[in-house]
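Protein chains: 2
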Amino acid sequence: MNLIILTDEDRVSPDRYELQDERFRHICSVLSVQVGDHLKVGVLNGPVGRAEVVELTDSKVTLLCEELAESPQDPLIVDLVCAVPRPKTLRKVYGVAAAMGVRNIHLVRANRTDKSYLESPLLKSDGFLPHLIEGLAQAKRTRLPVVAVHSLFRPFVEDELPEITSGGNEITLKLLADSESSSRLQDVYAKPVGRIVLVVGPEGGWVPFESGLFIKQGFRPYSMGPWTLRVETAITAGLAQIEQVRAMLDG
Amino acid sequence: MNLIILTDEDRVSPDRYELQDERFRHICSVLSVQVGDHLKVGVLNGPVGRAEVVELTDSKVTLLCEELAESPQDPLIVDLVCAVPRPKTLRKVYGVAAAMGVRNIHLVRANRTDKSYLESPLLKSDGFLPHLIEGLAQAKRTRLPVVAVHSLFRPFVEDELPEITSGGNEITLKLLADSESSSRLQDVYAKPVGRIVLVVGPEGGWVPFESGLFIKQGFRPYSMGPWTLRVETAITAGLAQIEQVRAMLDG
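These protein sequence lines are chains A and B, in that order. Residue numbering for the first sequence follows the numbering used here, starting at 265 and increasing by one per position. Residue numbering for the second sequence follows the numbering used here, starting at 265 and increasing by one per position.
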């Protein structure tokens, strides 16, 4: 926890926040703070700065925010589309996506999505919020990714995705991770890019009908390298390579 | 498990292997094979190919290898140096490093390495082998990374690392991941590269003495992007970006 993330629910007055959960335990046992100490804090979807520990009891800590300012964070331009994975994987997907600055996470039911995965409480906000916030806290970010679950594949790809990818005057780069492709990211990259939508398949990949539908919508298959990666690892690798190519080609 | 990895210990005759552990359970319950079916197999540090299920009991499966051939795997050129992390992280480091084709994993005791981490059974081969093999099985690789543990930081960096990084006539690229650096990978990349040594710090980073010692040995600090990443995520991102830059610059 490199940043203590504060939410509206923690707020007891305009600049005071009371914490009683994991964050309280982290502040006590890992950071070992005392009254009068200062902590790095960030308001969810808001500014970052410092807070003073003004009260500390056996069950809660009270923080007084001071010097909060908009953080100079890079604009979030990547949306992620992936198949609803098993819950164990989904937790990791949330953590990595939040930490690496994904703006929207679209989870779609794929042919290889086990029906039981759709019942996971992780698909509801009470389920995903803690994992997203943990990712933000690790990465010192405050902008919460927006999670959307799509239980019908074809209407999502044919009807909703075109709206998601229409960026007005900006170029939207539509990327389909595909370990079998002979193209690499630099081959399908078009600059200047306003937005990027990255599609990462499930374990075992999309079935041909699914990848075909993405390609029909203008998504360009490319390989990240000579690897067969787990979903969460592929997402990390994909986001890392996008950042690398942007740094090299967009300067 | 995308590839069943076979080891010498499983071998009961030149081309027969008996499995009784996780792999046996995976073959029965996930792959649901029957006698006569074929599986993708790979011999640890050896060829890959197919094997026929010739016997299946309640407690073991017997595989008969056929058509094994050297796999056309990319040469492994990246060595990883990182601080001994907490066991939970170390398991993930092993999995990712094996899956992404790291050749040597050097674990060094850093200032921020908790003393207790050095007692972990994961630092002994019985401890790390299963995690490395799981990473290989996921990635369909057979080349096992070599793990070395270095309990003295300074002698490792000053005496052993120069030997590790001396590549004869080849250029060895010495990379020090550093989120504070204003350089990016393309700025410190020198081609053609024969070998790469990637240094990734512990949670909280190297202390200045440590990073200074790496720099004195010719390691070049660079940032992967606007991120504060967990160790295993930083390793994934670092390896993904190295692959990306190689594809673009060595093409």
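Any given hint could turn out to be false.
Which copy is meant is left open, because identical chains are indistinguishable; a pair holds if it fits in one copy or across any two.
To be verified - Derived lysine-lysine pairs resembling BS3-like cross-links, with alpha carbons at most 25 Å apart: (1) LYS480 - LYS352; (2) LYS480 - LYS324; (3) LYS324 - LYS455; (4) LYS352 - LYS404; (5) LYS379 - LYS304; (6) LYS324 - LYS356; (7) LYS455 - LYS388; (8) LYS352 - LYS455; (9) LYS404 - LYS455; (10) LYS379 - LYS404; (11) LYS404 - LYS356; (12) LYS379 - LYS356; (13) LYS480 - LYS455.
Keep in mind the hints are simulated off the structure, nothing from the lab. Just so it is clear, the structure is predicted and the values come from calculations on it, not from any experiment.
Verification of the supplied hints:
Taking the shortest Cα distances, LYS480 and LYS352 never come within 25 Å of each other, neither inside one copy (31 Å) nor across copies (42 Å). Neither within a single protomer nor between protomers do LYS480 and LYS324 lie at most 25 Å apart by alpha-carbon distance, with minima of 54 Å and 46 Å respectively. Taking identical chains as interchangeable, the C-alpha atoms of LYS324 and LYS455 are never at most 25 Å apart, the minima being 50 Å within one chain and 55 Å between chains. Taking identical chains as interchangeable, the C-alpha atoms of LYS352 and LYS404 lie at most 25 Å apart whether they share a chain (24 Å) or sit on different chains (22 Å).
In this assembly of identical chains, the alpha carbons of LYS379 and LYS304 never lie at most 25 Å apart, being 42 Å within a copy and 27 Å across copies at closest. Taking identical chains as interchangeable, the C-alpha atoms of LYS324 and LYS356 are never at most 25 Å apart, the minima being 28 Å within one chain and 33 Å between chains. Proximity of LYS455 and LYS388 under a CA criterion of 25 Å is satisfied in neither setting, with 36 Å inside one chain copy and 48 Å between copies. In the homo-oligomer, the alpha carbons of LYS352 and LYS455 never lie at most 25 Å apart, since the shortest distance is 36 Å inside one protomer and 40 Å across protomers.
Taking the shortest Cα distances, LYS404 and LYS455 never come within 25 Å of each other, neither inside one copy (29 Å) nor across copies (34 Å). Proximity of LYS379 to LYS404 under the C-alpha cut-off of 25 Å is found in neither arrangement, the shortest distances being 35 Å within a copy and 27 Å between copies. Taking the shortest alpha-carbon separations for LYS404 and LYS356, both the intra-copy value of 17 Å and the inter-copy value of 22 Å come in at or below 25 Å. For the identical chains of this complex, LYS379 and LYS356 are intra-copy neighbours only, at 20 Å inside a copy versus 28 Å across copies, given an alpha-carbon limit of 25 Å.
In this assembly of identical chains, the alpha carbons of LYS480 and LYS455 lie at most 25 Å apart only when taken from the same copy (21 Å versus 38 Å across copies).
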